[in-house]
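The listed protein sequences derive, respectively, from chains P and E.
Letter by letter, the first sequence follows residues 3 to 107 in the working numbering.
Letter by letter, the second sequence follows residues 812 to 930 in the working numbering.
Simulated from the structure, these hints should not be mistaken for lab results.
Quick caveat, the model's predicted, so the values are computed rather than measured.
Only true hints are included.
Simulated pairs of lysine-lysine, PhoX-like, Cα-Cα distance not exceeding 20 Å:
#, chain 1, residue 1, chain 2, residue 2
1, E, 854, P, 39
2, P, 107, P, 18
3, P, 45, E, 854
4, P, 107, P, 39
5, P, 103, P, 45
6, P, 16, P, 107
7, P, 103, P, 39
8, P, 103, E, 854
9, P, 103, P, 16
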Amino acid sequence: VLTQSPDFQSVTPKEKVTITCRASQSIGSSLHWYQQKPDQSPKLLIKDASQSFSGVPSRFSGSGSGTDFTLTINSLEPEDAATYYCHQSSSLPWTFGQGTKVEIK
Amino acid sequence: EVQLVESGGGLVQPGGSLRLSCVGSGFTFSRISMNWVRQGPGKGLEVVASISSSGTYIYYADSVKGRFTISRDNAKNSLSLQMNSLRAEDTAVYFCARDVGATFYFDFWGQGTQVTVSS
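Using the sequences and the accompanying hints, generate a full structural model.
The following block contains the structure:
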């Protein structure tokens, strides 16, 4: 089970955003982060806990291993309004966190 | 450019059947494992079925086991999901997504197709 916190965050532009994802058991670094905007499919941001996917802005970063992981958005941009999901692929069934909605104030 | 295009969604009555398709382009389809991931209304994401590049290895979520069948035709760059005995709780947007690398992250997703199960 993956548990994200917070469920919702309202943030002003240029502010720093931190989203955490906690796994119920150790998953090594098999943790990935996605961004989903309304009426769009999810897009991969971070793979293997800390590796940025091609083309993703440098303000997005990931860290952690084992059971505790963090997605950080440095200097939030208006286009970053979205729901963010973590995803573990350490063992079947692959699962997602419940999502964190980030709103721009 | 990698593209995944789903089709086949629609409105179906409980107990009915539907077949979803996903066509891939811009990459060597036959070398990539593929997945169906769904998202219920206002809900999160659930991997419902996965299939390895050759079709040898298949996974189903418990929620669909025995009702859904995933398959692929590498000659046609096509992925399918046959859904039988549909229930209201199967109502969702269904995405196809490819997974690459040793740790199975989903690097590209289709735009999704809506499946609604209702009488």
